[in-house]
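As they're listed, the protein sequences go chains R and Y.
The numbering of the first sequence is our numbering, which starts it at 1 and goes up by one.
The numbering of the second sequence is our numbering, which starts it at 1 and goes up by one.
These aren't lab readings, by the way, just hints derived from the structure by calculation.
Owing to the predicted nature of the structure, the values given are computational and were not obtained by experimental measurement.
Glycine included, every Cβ here is placed at the ideal spot set by N, Cα and C.
Some hints could be false.
[To be verified] Okay, the calculated beta carbon distance ranges per label pair: (1) Y/F92 x R/M107: 25 to 31 Å; (2) R/K199 x Y/D13: 31 to 37 Å; (3) Y/F92 x R/F101: 18 to 24 Å; (4) R/E148 x Y/F92: 37 to 43 Å; (5) Y/H75 x R/H132: 51 to 57 Å; (6) R/L224 x Y/K225: 30 to 36 Å; (7) R/T151 x Y/S116: 21 to 27 Å; (8) Y/A26 x R/F105: 56 to 62 Å; (9) Y/D25 x R/D106: 46 to 52 Å; (10) Y/T206 x R/N54: 37 to 43 Å.
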Amino acid sequence: MSETELWYKKMGFAENPFSIKPAIYSDSVYGYPNVIAEVAKSISAGKIVFVRGNYGNGKSTMLKHLLKKFGGQGKLAYFSCNRLEDRLDVKRILNGRYGFFGKVFDMKPKNMILLLDEAQHLAKEDFNVIMHYFDSGNLKSVVFVAKEPITETMPERLQRAVSVHNLDAVSSSDAVAIVRKRIGHLGILSDDIIKDVFKKSGFNVRIMLKNCEMLCRYAVNKGLHSVSSDLVELLPSSNEEKQKEQAKPREETRQQPVVSVPRHFEPLVRAIKKQEPVQDYSARNEPVVPEPHVEKEIEESFEAKPSEQSEGRFGMQVTKPVEVSRQVETSRVVESSREDIRKELQQQQAEIEMDEPIVMPDPKDPLSEGLFDEETKPGLPDDEEKKSSSAEELYY
Amino acid sequence: MSEWYTKIGFDGDPFSKDSGFEGHDALVEEVFYAIQSGNMVSIVGDSGSGKTKILREIIKRFGGKKKIIYVNCKHMQKLVNVETLLQNRQGFFKRIMGKKPNKMILLLDEVESLTSKNCERIKYYFDQNYLQSVIFTGKSFPVEGMSQSLVQRISKVLKIDPLSDYEAVRIIRDKIGDKYLTDRVIKTIYSKSGRNTGKLLQNCKTVMTEIAHGKKDITDEEVEKLLSFEK
Chain R
1 MSETELWYKK
11 MGFAENPFSI
21 KPAIYSDSVY
31 GYPNVIAEVA
41 KSISAGKIVF
51 VRGNYGNGKS
61 TMLKHLLKKF
71 GGQGKLAYFS
81 CNRLEDRLDV
91 KRILNGRYGF
101 FGKVFDMKPK
111 NMILLLDEAQ
121 HLAKEDFNVI
131 MHYFDSGNLK
141 SVVFVAKEPI
151 TETMPERLQR
161 AVSVHNLDAV
171 SSSDAVAIVR
181 KRIGHLGILS
191 DDIIKDVFKK
201 SGFNVRIMLK
211 NCEMLCRYAV
221 NKGLHSVSSD
231 LVELLPSSNE
241 EKQKEQAKPR
251 EETRQQPVVS
261 VPRHFEPLVR
271 AIKKQEPVQD
281 YSARNEPVVP
291 EPHVEKEIEE
301 SFEAKPSEQS
311 EGRFGMQVTK
321 PVEVSRQVET
331 SRVVESSRED
341 IRKELQQQQA
351 EIEMDEPIVM
361 PDPKDPLSEG
371 LFDEETKPGL
381 PDDEEKKSSS
391 AEELYY
Chain Y
1 MSEWYTKIGF
11 DGDPFSKDSG
21 FEGHDALVEE
31 VFYAIQSGNM
41 VSIVGDSGSG
51 KTKILREIIK
61 RFGGKKKIIY
71 VNCKHMQKLV
81 NVETLLQNRQ
91 GFFKRIMGKK
101 PNKMILLLDE
111 VESLTSKNCE
121 RIKYYFDQNY
131 LQSVIFTGKS
141 FPVEGMSQSL
151 VQRISKVLKI
161 DPLSDYEAVR
171 IIRDKIGDKY
181 LTDRVIKTIY
191 SKSGRNTGKL
201 LQNCKTVMTE
211 IAHGKKDITD
221 EEVEKLLSFE
231 K
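Please model the entire structure based on the sequences and the hints provided.
What follows is the structure in structure tokens.
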């Protein structure tokens, strides 16, 4: 693949327009004009501000924007706290304003504005140091930015002084504006398509940009003039949605063996899970002593009340208890039956995991080819191994 | 005593020499694209499936412009961090001034041993465009030290598929030529080695040693015998 074959070069861009780096497109920001106006106002009024927002919602981009707005007079310092070794060295940041001489003569400027990105890495002592310089007038205003609320680690005095702002998810019209700023009014992505992609990306700007890049790359390489809504359908669903989908069935499978196995076997199943020897149960006075005559009783109890067991949420559970009892009947040896039951439970779990709905593009659809690379292309529905593995690989 | 390879006319061990790159076309193209467009990519594969080989191929392609840093994270101790790595790229004076290069390409091998501190640093330098692109290579993804915001930045997770039979044969032919081992035997050895390139080379070496010690024709059964004896 040579340089000229890159999709964005074909379209006439020198660089990838959908770059997710916040440093590149930060001269104007869309999405939360109120928050930015208020933060700007508090900075010029000399206040301490804390802005929080989720991943990829534009926290760093907002800071970069503030840099451009207030920068240029040598009154602004930006520091990302995730590169800290241990403690934040405010003094060094302040001295750095005067370069080499500042370090030698320990000169500190007045009325500096300090922007701190990823402030969750700061410790309580750091906040105390910041407060010290804030009181002495070296710092005029401080802006903290983080994902989680950090006000709990702050000293009380700072907690009272700080004003908190939230960066919520941007609206879909703002998302359109963000994309328009990057690619202009090219016809390849229409406004409706951008809105669809944004929805598909879980209303997260960074994921939307990645998805837009994938779509545009596919469309340009295939020689399409615009991205159609069919293509958007093929996008993998966003991380959060996926997690929700996956979380539900897995919880059920964890409970499932307890539900399916009759009450007499519950301690046995627990023993299998913990891999404890079964003999312990007789010491605990629990009702399971798998001897031949007891097994017969257990079998009878299966036959007597099969309807109760079949009330589980999975239809397949009806057959399970009988299978388990058969295992015991045939093997007669507790140790080996334990192994078998464990294997069977694993199989059942695997089957149920196969059954869980996997959001996946239609493999027969010719459009899905090439949008995902070979590795992530979903397998045909009949080869189940491939299907399950591709579900993992689509991790986004 | 002469080594086995000198008996059949090789100067050095044919299995230890660096040979041409074979297969993984789609994956390599994807990685090249990610580097050019400035994305982070993670490559996942078992040991012996050719991860490091792919990284070497990238170095061949993009190297020579002082833009590539290759690090094996195993050797990255606590004191060595990404920050010093970037600064060491510069000359003495720039290093004193604390200047950092722009748009570097960072190749990380064995990311399992990457600390969370270094992950955060990578995130920061990527955001500031000091790093144009980062390639993570490891056995699994995501790794322990990675925060969720770093995972979100990674645009694609590429899984290394095993080579096709044809490509496996090409690799062996590249090393030992056409004289020894028929295509069919190589294919059997490949399937015996669990479709793993590293193991294929190992097993081929044992079979070739046997040939050098006097056996003329190697049939499928004999291959099986040899390899089972190995285990």
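To see whether the hints hold, each was checked on the structure:
About 26 Å separates the C-beta atoms of Y/F92 and R/M107, a value consistent with the hinted range of 25 to 31 Å. For the hinted restraint 31 to 37 Å between R/K199 and Y/D13, the CB-CB distance of approximately 58 Å leaves it violated. A hinted range of 18 to 24 Å for the beta carbons of Y/F92 and R/F101 is consistent with their spacing of about 21 Å. The hint said 37 to 43 Å for the Cβ distance between R/E148 and Y/F92, and at roughly 41 Å that hint holds.
At about 41 Å, the beta-carbon gap between Y/H75 and R/H132 misses the expected band of 51 to 57 Å. Against the hinted window of 30 to 36 Å, the Cβ-Cβ separation of R/L224 and Y/K225 comes to about 56 Å, which falls outside the hint. Between R/T151 and Y/S116 the beta carbon distance is about 23 Å. The supplied range of 21 to 27 Å therefore holds. At roughly 59 Å, the beta carbons of Y/A26 and R/F105 sit within the given window of 56 to 62 Å.
Separation of Y/D25 from R/D106 is about 59 Å and departs from the stated range, judged on CB atoms against 46 to 52 Å. In this structure the hint that Y/T206 and R/N54 lie 37 to 43 Å apart at CB is violated, the actual value being about 55 Å.
In the structure shown, a violation is registered for the earlier hints numbered 2, 5, 6, 9 and 10, in ascending order.
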